[in-house]
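Undergrad: Taking the hints into account, I'd like the entire structure generated from these sequences.
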Amino acid sequence: MIWVNQVVQGVLLGGYYALLACGLSLMFGVMRIINLAHGALAVLGAFLVFVLAKHGLSPWVALVVVLPVMGVAGWALQRVILERSLRAGELTPLLATFGLLIVISNLLFEKFGADERSLFPYIGTLGYDSWTITKQITIAKLYALIFVVAVALLGTLQLFLRHTQLGRALRATAEDPDTAELVGVNSSAVYAAAAAIAVATAALAGAFLGMRSSFNAYSGSDQLIFAFEAVVIGGIGSLWGTLAGGIVLGVAQNIGAQLNPQWFLLAGHVVFLAALALRLVLTGVGVRGGFRALVGEHA
Amino acid sequence: MRVRRWTRVSAVSTTSVVLLLIPLAFVPAVLSADAVDKLTTLFIYVILAAMWNALAGYAGLVSVGQQAFFGLGAYATIRLSQHGVGVYPALVLGALLAAVVAVPISLFMLRLRGGEFAIGMWVVAEVCFGLVILDKSVGGLTGTSLIALKQYSPNDQRAYNYWMALGAAAVLLTTLFLLLRSRTGASLQAIRDDEEAAASVGVRVLAGKGIVFVLAAFGCALAGTLWLATSITFQPKSYFGVEWTAYMIFMALAGGLGTFEGPILGAIVFFVIQDQFGDNGVWYLVGLGAAAVGFALLLPRGLWGTLQERFDLHLFPVGYRLRRAAT
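Taken in order, these protein sequences are the chains called H and C.
Residues in the first sequence are numbered from 968 upward in steps of one, following our numbering.
Residues in the second sequence are numbered from 19 upward in steps of one, following our numbering.
Note that these hints are calculated values from the structure, not bench results.
Predicted, not measured: the structure shown is a model, and the values here were computed from it.
Don't take every hint at face value.
To be verified - Cβ pair distances, simulated, as ranges:
{"#": "1", "chain 1": "C", "residue 1": "Q100", "chain 2": "H", "residue 2": "W1207", "range": "48 to 58 Å"}
{"#": "2", "chain 1": "C", "residue 1": "V121", "chain 2": "H", "residue 2": "Q1132", "range": "18 to 28 Å"}
{"#": "3", "chain 1": "H", "residue 1": "V1018", "chain 2": "C", "residue 2": "S50", "range": "44 to 54 Å"}
{"#": "4", "chain 1": "H", "residue 1": "V1237", "chain 2": "C", "residue 2": "V121", "range": "13 to 23 Å"}
{"#": "5", "chain 1": "C", "residue 1": "D211", "chain 2": "H", "residue 2": "V1028", "range": "46 to 56 Å"}
{"#": "6", "chain 1": "C", "residue 1": "G157", "chain 2": "H", "residue 2": "V1018", "range": "33 to 43 Å"}
{"#": "7", "chain 1": "H", "residue 1": "F1087", "chain 2": "C", "residue 2": "D153", "range": "48 to 58 Å"}
{"#": "8", "chain 1": "H", "residue 1": "W1027", "chain 2": "C", "residue 2": "A308", "range": "29 to 39 Å"}
{"#": "9", "chain 1": "C", "residue 1": "E214", "chain 2": "H", "residue 2": "E1083", "range": "40 to 50 Å"}
{"#": "10", "chain 1": "H", "residue 1": "L1126", "chain 2": "C", "residue 2": "Q100", "range": "32 to 42 Å"}
{"#": "11", "chain 1": "H", "residue 1": "V1237", "chain 2": "C", "residue 2": "E261", "range": "16 to 26 Å"}
{"#": "12", "chain 1": "C", "residue 1": "G158", "chain 2": "H", "residue 2": "P1035", "range": "42 to 52 Å"}
{"#": "13", "chain 1": "C", "residue 1": "D153", "chain 2": "H", "residue 2": "Q1103", "range": "27 to 37 Å"}
We put the CB at the ideal spot given by N, CA and C, even for glycine.
TA: The following block contains the structure:
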C-alpha cells in the first residue's frame, strides 16, 4: 500500500513538472531555443508572489499581478536578448540564457539571502487539507489542485494552438519560419508571444512550487533540470507527452525516495537517461524537436 | 596562391611562448609563496578555459556539465590515495580514470545535439554528484581531504603543485595545438560549422567529436585534481557545482570562442577579476553572468577574436593562410 501511495504522490508531482515544463517545451518547439534560465524565471515568479504575500496580499491575488508581469518579462526577454542571440547562431542562445540564469539566481540571492522560503503560510488551510482514501493513501487538496490546473492549462494551450489565429501562426512558424513569413506571419511577434506564454507559465509553476514545498535563490537549476527531463521523457514536441513525462519522472523520484531518501533525485536522472537511451535506440539519431507532432499528427 | 601555416609573427610568438616555459619553471625558487599560488590558480583556469573552448569553439559542443569531470577527477584521486597510490601520481591517474569514464558517456551524449547535449551533460554531472555522495569513504556530502599531501612540507607542496599545473597546462595546450593542426582539427571545424555538410563530404562526425570530448574531460579532470592538490579539501558540492562551467563559459567567451589564444587571455582576465572582485561574492557572480550575456550578444568573437579580426593577428598557427605566391 505504501508503494501505491508513492505512485499516487508521484503522479500528482508529475502534474507540477508538466506545468513547469510546458513553457520550456513551447519555446524549444517554436524557436528551437532551450532556455537555460527557465527554472530561474520560475523561481523569480515564486519570489514575486512571496513578496506580495508578505505585504498581505493573498497569493492567488498576487498571481493575478505577477503572471502578466512575468509575461511581459518573457516578451522583453525575447525582444532584447533571445532575438539578437538567435541571429548569432546556434550556440549563442545557450550561452546567453546560461548567463541569465547566473544573473537571476545571484540577484535573488543578493536580495533574499540563502533562506528557504515558502508560500505555505499564506494559503490558509489549503496547505493541510487532504482527502483520506485509505489508511496509507491521503491526497493533499493542494497537490490535487495543482494537478488539475496543470491538466487544464495544457488542454487550454492545446486548444489555443489548434484553434486561434496566434496558435496557428505559432505552429506555422515552428514548422518553417521563412515560409510562414512569406504568407504574412510576423515571426518575431510570434516568438515574443511564445516567450511571454512560456515565462508566465513558468512563474505559475514557481508559485505552486512555493506552495507545495519551499524554494531558495538557487532552486532554479534543479527546476530547469526537472522540466527538461519531463520534456525529454515525454517526447519533445508533445504537450500531453510532457504530462506523461512529468508523471514518469515524479513516480520514479517518489519510488526512489521510498527505497532510500537519498535516491529521490538520482532515480529521476536515471529514468531520464534510460528514456534518452531508449529514444536513441528507437530512432538511431537524436530527434530534432518537431512541434508539428504537437497538434498536427493526432489532429 | 600558396597555402601557408606559419607567419613570421606566429613563428616568433610560438617560439617565445615555448621559451617562456624555462623562466616559468624557476618561479618557485624566485617569487613569493603568494605569487606562486596565484600562478598555479591561473594555470588551472587556463586549462579549464582551453578545454571548454575546445568543446564549444572547435567542436560546437556547449556543455554545462564539465563539472562532472572536474569532480570525478578529484574523487578518483582521493580514492586512489586512500588505496596507497602516491599522491602526485594519483593526480594524473585520477584524471586518466575520469577520462576513461568519459568514453562511454561520449558514445551516449554525443548523439544529442545543441541544447539537449547541454542539459544532458548537466544531468550527467548531477548523476556523478549523486553517486559520489553515496560513497561513505569520501564522507558523503561533508567530504574529506587529501591527507596524504601532509607528508610534504607546505613549501614543497606549493612548488610541486605549481610545476604540476604548469606542466599540465603546457602539455594540454600543446596537445590541443597539434590536434587542431591535424586533419582532425580541420574536420572538427567543419563539424562545428555544419554537421550535415561535413558528414556528407566524409567527415567522421562522431569520431572527431569523441576525441575532443575525451580530451576535454581529461583536461577538466586534471584541473579538478590540481584544484584538490591546492585546496586539499574535497567537498563534493563545490567540485560538482555548475559555477565551474559558468567560469569556463565566461573565460572562453570573454577571450574569444574558437580562437586558440582567446581562452588563455580569457583566463587571465577572469583571474584578475577574481583577484580584485572575488571577495564581493554575489555581485561578482552577477557581473560574470551579465558579462557572459554581453559578450555573447555584443562581442561574440570575444576580446582576442575582435583583435584578431582587426589586426589579422595569429600567434599560434592552427589554421591555414592563403598568400599570393612571389613571382
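Undergrad: For each hint, tell me whether it holds in the structure or not.
TA: So, going through the hints one by one against the coordinates:
no. : hint                              : in the structure
1   : Q100(C) with W1207(H): 48 to 58 Å : 50 Å, holds
2   : V121(C) with Q1132(H): 18 to 28 Å : 51 Å, violated
3   : V1018(H) with S50(C): 44 to 54 Å  : 49 Å, holds
4   : V1237(H) with V121(C): 13 to 23 Å : 20 Å, holds
5   : D211(C) with V1028(H): 46 to 56 Å : 52 Å, holds
6   : G157(C) with V1018(H): 33 to 43 Å : 38 Å, holds
7   : F1087(H) with D153(C): 48 to 58 Å : 34 Å, violated
8   : W1027(H) with A308(C): 29 to 39 Å : 34 Å, holds
9   : E214(C) with E1083(H): 40 to 50 Å : 47 Å, holds
10  : L1126(H) with Q100(C): 32 to 42 Å : 60 Å, violated
11  : V1237(H) with E261(C): 16 to 26 Å : 25 Å, holds
12  : G158(C) with P1035(H): 42 to 52 Å : 45 Å, holds
13  : D153(C) with Q1103(H): 27 to 37 Å : 33 Å, holds
Violated hints, listed in ascending order, are 2, 7 and 10; each of the other numbered hints is respected by the structure.
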